[in-house]
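Student: Protein chains in written order, with the numbering used here: chain A, 1 to 176; chain B, 1 to 146; chain C, 1 to 320; chain D, 1 to 158; chain E, 1 to 162; chain F, 1 to 371; chain G, 1 to 173.
Mixed in with the good hints there might be a few duds.
Claimed, not checked - Among chain G residues calculated to face chain C with C-beta under 8 Å, some are:
| hint | residue |
| --- | --- |
| 1 | Val27 |
| 2 | Ile32 |
| 3 | Phe33 |
| 4 | Gly38 |
| 5 | Ala40 |
| 6 | Leu49 |
| 7 | Tyr52 |
| 8 | Leu53 |
| 9 | Pro56 |
| 10 | Phe57 |
| 11 | Met60 |
| 12 | Val67 |
| 13 | Cys71 |
| 14 | Leu148 |
| 15 | Asn163 |
Note that these hints are calculated values from the structure, not bench results. C-beta: ideal position from N, C-alpha, C; glycine also.
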Amino acid sequence: MTAFIKDTLIGFWSLLAGLGVTIRYFVKPIVTVQYPREKLTMSPRYRGHTEFIIDPETGSHLCNACENCARTCPSNVISVTGVKVAGTKKKRAVTYVLDYSLCSLCGLCVEVCPTKALKFSDEYRLAGFSRQDMIIDVIARLQAQQRALGLPEEVPPVPEAEEAKTEETKGGEGES
Amino acid sequence: MTSPIIIPSLEAILGADKLTELDYAATGCHVRAEAVPEQMPAVAAAMLEQKFYLASLTALDLVESLELVYHFASFYQLCRLVVHAPLAKGAAAPTISHVYPGADWFEREVFEMFGITFAGHPNLKNLILPEDADFHPLLKDFVASS
Amino acid sequence: MQFLLAEGARIGISLIGVIGLVSINALFLIWMERKVSAHIQLRPGPMEVGFHGALQTIADALKLIGKELITPEDADKLIYLLAPIVMFLPVLVSFIVIPFSPTLLIRDLNVGILLIFAFSTMAVLAILMAGWSSNNKYSLLGAIRSVAQTIAYEIPLLITAMSVIIMVGSLKLTDIVAYQATVWNVLFQPLAFILFIICGTAETNRAPFDIPEAESELVAGFHTEYSGMRFAIFFLAEYTNMFIVSAVATVLFLGGWRGPILPPLVWFLLKVYAIIFLMMWFRWTFPRLRFDQLITLGWKILIPLSLANLILTALAIKIF
Amino acid sequence: MLDKGGEACYIVNEVFHNAQSPAWMEVQVEIYSVLTDYGYVLIFLIVGALFALGPLILAHFVAPRSFGPTRSEIYECGIATYGSAWVQVSVIYYLFALIFLAFDVDVIFLFPVLLAFGEGYMWRDFIEIVLFIGIISLVIVYAWCRGVFEWKRKPESR
Amino acid sequence: MEKKTGEPLIHLAVLEEVLNLCRANSLWPMTFGLACCAIEMMAAGAARFDLDRFGAGVFRPSARQSDLMIVAGTISKKMAPAVERLYDQMPAPKWVIAMGNCAISGGPFMYEGQYAIVPGADLIIPVDVYVPGCPPRPEGLIEGILQLEEKITNRPRLRKFR
Amino acid sequence: MMLEKGIEEKTFYLNLGPQHPATHGVLRVVLEMDGEFIANSEPIIGYGHRAHEKMAELRTYQQYLPNMGRVDYLHALAYNQCYCMAVEKLTGIQVPERAEFIRVITSELNRISSHLLWFGAYLLDLGAFTPFLYCFDDREHILDLLDRITGSRLTYCFYRFGGVPVDVDEEFIAGTRAFISRLRSRWNDYDTLVTKNVIFINRTRDVGIMTPEQALKYGVTGPNLRGSGIPYDIRKSEPFSVYPLFDFEIPLGERGDVLDRYVVRLQEMEQSLRIIEQALDKLPEGPIMAEKVPKRLKPPEGEVYTAVETARGEFGIYLVSKGDVKPYRLKLRVPCFSNLSVMPELFQDVMVADAVAILGSLDLVIPDIDR
Amino acid sequence: MSGFFTLANLSFLLILTVTFGGALIAVAGRNIFHNVLGLALSLFGVAGLYLYLNSPFLAMMQILIYVGAICIAICFAIMLSEPLYLPRPPRKPAKLAAAGLGAGLVYFMLSMLVKKTDWVAAPVRGTDWSIATIGHYLLTRYALIFELISLILLVAMLGAIVNARAGRGSAES
């Protein structure tokens, strides 16, 4: 009987102690980041979708449409087309389109890029009303960024007539 | 590191030439055993007696035949055992779910993924795939219909 | 005729007052619940709808009016439709006898407190109707649990109320308030007060006694199948019941509208909302009891304790 | 105030001349006053029903409809139900209801007794009440001992 | 996807507008998570992000009482009938947010030879807002809910902050 | 099997899930109820099946990496690590020590976040809402830390064959240390609020007892096993990575009931904190990536079984290579699969409320079971 | 507002309607659960009748015990008896007739009783039956009855518990 009463009292006390904890938290300041009004600083390595790095020298991107990223991508997110720029031997991307709705944000594309042309954006405000909203034109995005920075806008190279074989690669199963 | 006790009991069932010691650092297992599926209930019983648990049960589709792969390990000592049991396509293997109740689900999974039937299994029906699914996706010749 | 007019006007005014109180109380309580829970959990709660979410519950209520009412095909439709109404029937009646202030009282019935208890049992029937008629297993389990729980806690609730009544010698709520002119009953009856709060929490199906609607077990308990406004009426009744239980506790133990400086009505509401805050505080602190433990707690601990308290009170009255 | 309106109202003042009844029992019996009191209850009940019904009717008119083959089926976590919900429940609930009934009746008898308590003899009332509560408490003691409050699935009921 | 919602019996423009405003500010989601994204959905409801600020924090376990289905995760073929049923059982008006790439299009699990998943929630139920990411950040989900509010009321919501 | 029986008996069938707050995902449990009690139960899984194993056969080794973060998304880094270890064993890549340390630190942080989420969600099952938000508050700090170096909040795809792609910086180390002291200061609150709470103890004590024999026969591993008193932790018994360098204990339960499993997990978080502390102290300098990891990995023919201790138990990868760029067969031995298969035994003759308590205590991640 | 159609009479009629309507549902309903609810309604009406007899206390008791407790007990008894989804047996005319006869007999006897009783109008009745007085009498004149009530209840409960426990055991064995 004494044990029973003792247990009851201890139990009752434990409840009061619990109430003490919650009331202490009740008067603590809130931890919420009230999102649209205030925003979290994104971690420097946050992986959003990929975008082009703006080369400080040229004010443009570095992509030479080698399609390594498209081949490495596990989910066929990336489609790149490039043309040889007149005069040089280098290819240059004409279109660089992500189907973001397939992406798993693994970052393999950024790692394999031989020219280090890609980086992750910190964009997360991508909610849209249709599936098509998830298709991201990276070059258009670059142009917008350039506009914002006051840089000359990227002009996709015009393919030379004889070399206009715009091959579109829907990156294969890893095997090309 | 190999446990000395499991070897004799397995040798008694399988025969000495069926056991090979493996390089643990390279394969993650200590002993490899070859068995025919019919020996598996006996092997499982012997392993349970040694207080080994069934870590995994799966199959391999070797295109012309199949192979059941059992992994056993122990809570009490570092010893991992892998048992390979080759099986012809279309043949049935005996169940070990009466020895290890945990094998019940593993066998059901192998059944639906590879189409291997387990004789004596109490409840052999699809586990993960929808109940009416009649394909075996982990077979090499499987092509998704949609 | 004059008499009829006078009484009619009185009824009309009191009805408007009560309905207004019920609505505003529910709107306020839900907002308060969300704010209290939020601040306990280190978050702000409703913020964006009105100033600090002040209009949040109004939005919720209007939204619920604009929601479709689905009646399951296999349900017992008549009872299914009646249940929310029966649930709400007794809610207004209790306000007839609650003395908000010396003057603000609709009707001072001489069975006052008994009326509240009697009509609150109708809610049990409504819960059973709702749970049974839905033809949903979760609803049925929830309803049965709810009823078993309510009947287990009704008894100690009545008995603890008795230990006050034996001191006062009247069932009228005004008499009970009048009795506490100098000292509140809670000082004489601390145990009864604690028991009353526990049982009141259980009677209103609030956590940690919210087993009938235990989300993690029974989805939404007896009102699993109820959508839109029907569900809202259950909610409304629940929050109004909270108010009633707290008001009764205030009258029985905390001296009703008595208090210095502030007007009586303010004191009354302050005490009521303090008790409601306590209930909310419980809800956001404790895990839920298991059903059998709840029943056991009611029958094995609360009823004996309340009976003992009653006898002790009687003894004390005899001695002093 | 009551007879102003012409409604019949009888008021009887009477003092008991019984030796056992002290003078405090002088009361008023107001029959129609009681009816007025409970007229309030009746009207509040009706208005309560209407108050609950109103929004439901409103909702019926302003809410859109949804269509879907399984819309009005019983909700059970997204799976079609199997069997009816109207099943047998355990006997234990019935027992609880009975015990509750017993206590309710008891409580109801206690209410008048407690109201009268404190006026009569010093100890007789007290002992009577203690006896009464004691006897009724035996129900709980017995139920406790018989394991009514133990919740174990009986192996034989399988 | 014609099994959307029908018109109410009384249709008044002003009333609809008021109701829509209320609906937008009181979107009760269903407690319904399918996979990884459900965790971020929980995180969005938790203290750091607090969906309740927008009135969308009342997670209702029963489909009958919820307005919003957040399809958070991969819909497997086995699960698809249940999702459809749950959607059907929600009372109108109801909305769907496809949260995460799997719910939008099958995401990383969509490839040649995939047999187990439904590539996109919009193939079985009408989706109102798509929130991409794998998983989306809680801010992304909040963004989706704000977008949905905008869709319901046709009014910009907290635009100046976004 | 159960459903095929008739319904003329006294029992009735109740679906718990796939959309049910207590199943934490898309698990469905069919319960045969006898009043409030469960007469029989049958879990039905597969509602989250995403064909991970089939995908492995269609993807290259690198391309399969992101999948590992999505099998068990709560302890993604351990899965990631196991897969990397399996491939590294197969190809013989040596991982530099600093990379191993970083792996251990991040993986243990991830373990804590997983346990914290479990803790919160479990209390949610038991009806206490508030601890859930406190845990998520703590968890957000871990996510911030991991986000800092891995770049994602949940489905990490961080480790690479041969090491880690990103080095930790001073800020991460300082943040981790701050987090350790922060979490330690919270234990007291959690204890008072939950562990010592009489309602909680009554809900969990002697409920859902799992005997060591049951655990053995069903292959239960992880904290569920240790709650039953068997000191089996792969980090100790089969040391991988650099775990042998650290001093930590294996918390054990005695009775194998729900409370024991709870306590084991709570103590494990403290042990993980200890590991992280030691790892931060001993963090060696050096490269974080093995040299000469080929861009296109073609492991030699062979098979390998690798196991790691995740927050839920033994996760093993059985990898068969035929010398191709794609795995020939990759079997995921997931802990929750075995941990769930013991459930019908634990559910025998308990009440629904207890069933929820037991189901929660097993700490299941449904896509992990379904793969 | 005079003559027969006074408010008092109108409300009396309402109460009668509720009582009889409830009783009718209780008897005629095909669904046993509807019957119980009809019974509850009827009992509720009876509580109104008590008010007419100037006994609010009894009316409250009626609601508390009959509507609150007895109906619940009956509901549980129904749920206990047999699964409600089973089809109901059809009504047999013979059974109906017998039931009607029995009810008629009871009604006849009660009405005879009513006729024989010498009714006194409440205002003239004189004796005060307020709650306190009832209590006073229970403590003094009817003390034995008061104690007996609890004893009877105790015995009834013991019987119920014994029956329920034994019934379960024997049914299974």
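Student: If a hint holds in the structure, say so; if it does not, say that too.
Tutor: Do the hints match the structure? See the list:
no. : hint   : verdict
1   : Val27  : violated, 17 Å
2   : Ile32  : violated, 11 Å
3   : Phe33  : holds, 6 Å
4   : Gly38  : violated, 11 Å
5   : Ala40  : holds, 6 Å
6   : Leu49  : violated, 15 Å
7   : Tyr52  : violated, 15 Å
8   : Leu53  : violated, 14 Å
9   : Pro56  : holds, 5 Å
10  : Phe57  : holds, 6 Å
11  : Met60  : holds, 4 Å
12  : Val67  : holds, 6 Å
13  : Cys71  : holds, 6 Å
14  : Leu148 : violated, 20 Å
15  : Asn163 : violated, 19 Å
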